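Student: Protein chains in written order, with the numbering used here: chain A, 1 to 83; chain B, 1 to 183.
Mixed in with the good hints, there may be bad ones.
Said to hold, decoys possible - With a cut-off of at most 16 Å between alpha-carbon atoms, the simulated EDC-like pairs for lysine to aspartate or glutamate come out as follows:
no. : chain 1 : residue 1 : chain 2 : residue 2
1   : B       : Lys-130   : B       : Asp-96
2   : A       : Lys-7     : A       : Glu-72
3   : A       : Lys-82    : A       : Glu-43
4   : A       : Lys-30    : B       : Asp-55
5   : A       : Lys-61    : B       : Asp-27
6   : B       : Lys-75    : B       : Asp-96
7   : A       : Lys-82    : A       : Glu-65
8   : A       : Lys-82    : A       : Glu-72
9   : A       : Lys-61    : B       : Asp-96
10  : A       : Lys-31    : A       : Glu-43
11  : A       : Lys-82    : B       : Asp-27
12  : A       : Lys-31    : B       : Asp-55
13  : A       : Lys-31    : B       : Glu-134
14  : A       : Lys-30    : B       : Glu-134
15  : B       : Lys-161   : B       : Glu-134
Please keep in mind that the hints were generated in silico from the structure rather than gathered at the bench. All figures in this text were calculated on a predicted structure; none of them were measured in a lab.
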Amino acid sequence: MTTEELKGITTNLIVDARGTACPGPLLAAKKAIGDVESGEIMEILSADEGTKVDIPRWCEKMEHEFLGTLEEDSYTRLFLRKA
Amino acid sequence: MEDNQELQQQIDILKKKISKLENSRKDQLSIAVVSGDMDKILAAMVISLAAAAMDTQVKLFFSFWSLSALRDKKKSAPGKDFISKMFGIMLPKGKDKLSLSNMNMAGMGPMMIKYLMKKQNVMSLGEMFKSAGELGIEIAICEMSMGLMGFKKEEMIDYPKLRYCGATTFVADAGQSSIQLFI
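Chain B on its own, in the form it takes in the complex:
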């Protein structure tokens, strides 16, 4: 009887260890998206969509400059202090207003890229975010960056799986992912 109990205990310990192992390398992609450049957001979205098409779970963590890409151009948030208002004016309002990391040429670059993307049948950023939502790609927004930039939740895009969290959540997600990227 005691032997049985001991065996059961050992099995339970093993089960716990196995589930820990299974969770340590999930078929999951985690990207820390920090850059707010149009080309880099594009890269993050294309890789995410390819991963989602491969049935890989995708978790994006948006922080710092990348938050601009998640602003909704039609929304505004009242009651901001002076600095937050200034940040709001200085930073791009939404994914259509992002600049390029190279060859920006005062806005000419993005215009040319958008023209070329259309010509080459590449999905627009808007279409990519829509597909991402349909494919269940999760977007987590860094709460601390929100405060830093003075953005409010009311001015962010409508997205099916949008949540707000801290760096710990990203680290926890990334720790379970077999692919981790920083863009």
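With the rest of the complex left out, here is chain A:
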């Protein structure tokens, strides 16, 4: 998805994992994904650099569709659609 598309997206659930380092954001994502229906969009907020690489790999394994990232000043927004 393009940056413009991501900016206009409506997310069903936002997971704020900015307060934790690896593997915290991943654990937060795993915990939260159960609260989202298949096809819905989840957004993860992370201040951990590694998460930007890790979450797409996690999506690949779990068969969720990784939609892309948006950079904010001090953190990253990661978007995915649940399988």
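Could you slot chain B onto chain A? The hints should help.
Tutor: Only chain B this time, still in chain A's reference frame:
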């Protein structure tokens, strides 16, 4: 009729072979955790938690020095012989008392690492074990090491999936795992 029976037999043999194949490379991580250094236990736990988040089954086999990390600082076991008592005093009592494999500096190193971990929002070892339990990570303790170190089951931590076994169980688990590590 006989043909049918023969076919059925062959199908049964094939089924057995397939289930054996399926079980040989499960989506499972096995780690033999032997080191009792804080940094290495940390590594084992971070990798395990990442694997569990990926829905990979995780089986940890704790043996030798790593047993110190599983001691409960609030528990004690009476009735130990002299050598066991000495081991109990000499070895770290629990995951908060572990030393670093490098830069330990008589306990200054671990203090600094713990401070930095907190500052960088890294989970503490205690939090990691708690999460591990919630995610269903299995911990198996080497029975032989328990005897060697003179530890008793009563002094080990409360953990949901804790069991005691021998090296054979680890080998069997590791043989079914697609990832095997030694730390």
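Student: All hints, please: hold or fail.
Tutor: Quick rundown of the hints versus the structure:
Of the supplied pair hints, the one linking Lys-130(B) and Asp-96(B) holds, its CA atoms being roughly 14 Å apart against a limit of 16 Å. Simply put, Lys-7(A) and Glu-72(A) have alpha-carbon atoms about 12 Å apart, close enough for the 16 Å limit, and the pair holds. Note on Lys-82(A) and Glu-43(A): the hinted pairing holds, with a Cα-Cα distance of about 11 Å set against a maximum of 16 Å. A distance of roughly 9 Å separates the Cα atoms of Lys-30(A) and Asp-55(B); the hinted pair therefore holds under the 16 Å criterion.
This hinted pair checks out: Lys-61(A) and Asp-27(B) have alpha carbons roughly 11 Å apart, not beyond 16 Å. For a cut-off of 16 Å, the pair hint linking Lys-75(B) to Asp-96(B) stands: about 14 Å separates their Cα positions. Proposed proximity of Lys-82(A) and Glu-65(A) is supported: the alpha carbons are some 6 Å apart, at most 16 Å. A threshold of 16 Å between alpha carbons decides the hint, and for Lys-82(A) with Glu-72(A) the separation of about 23 Å lies outside it, so the pair is violated.
Under the criterion of a C-alpha separation no larger than 16 Å, the hint pairing Lys-61(A) with Asp-96(B) is inconsistent with the structure, at around 34 Å. The suggested pairing of Lys-31(A) with Glu-43(A) holds, with an alpha-carbon distance near 13 Å, which does not exceed 16 Å. About 21 Å separates the Cα atoms of Lys-82(A) and Asp-27(B), which puts this hinted pair outside 16 Å; it is violated. For the hint linking Lys-31(A) to Asp-55(B), the alpha-carbon distance of about 11 Å falls within 16 Å, and the restraint holds.
Distance restraint check for Lys-31(A) and Glu-134(B): the Cα-Cα separation of roughly 11 Å lies within the 16 Å cut-off, and the hinted pair is therefore satisfied. Of the supplied pair hints, the one linking Lys-30(A) and Glu-134(B) holds, its CA atoms being roughly 12 Å apart against a limit of 16 Å. Note on Lys-161(B) and Glu-134(B): the hinted pairing holds, with a Cα-Cα distance of about 10 Å set against a maximum of 16 Å.
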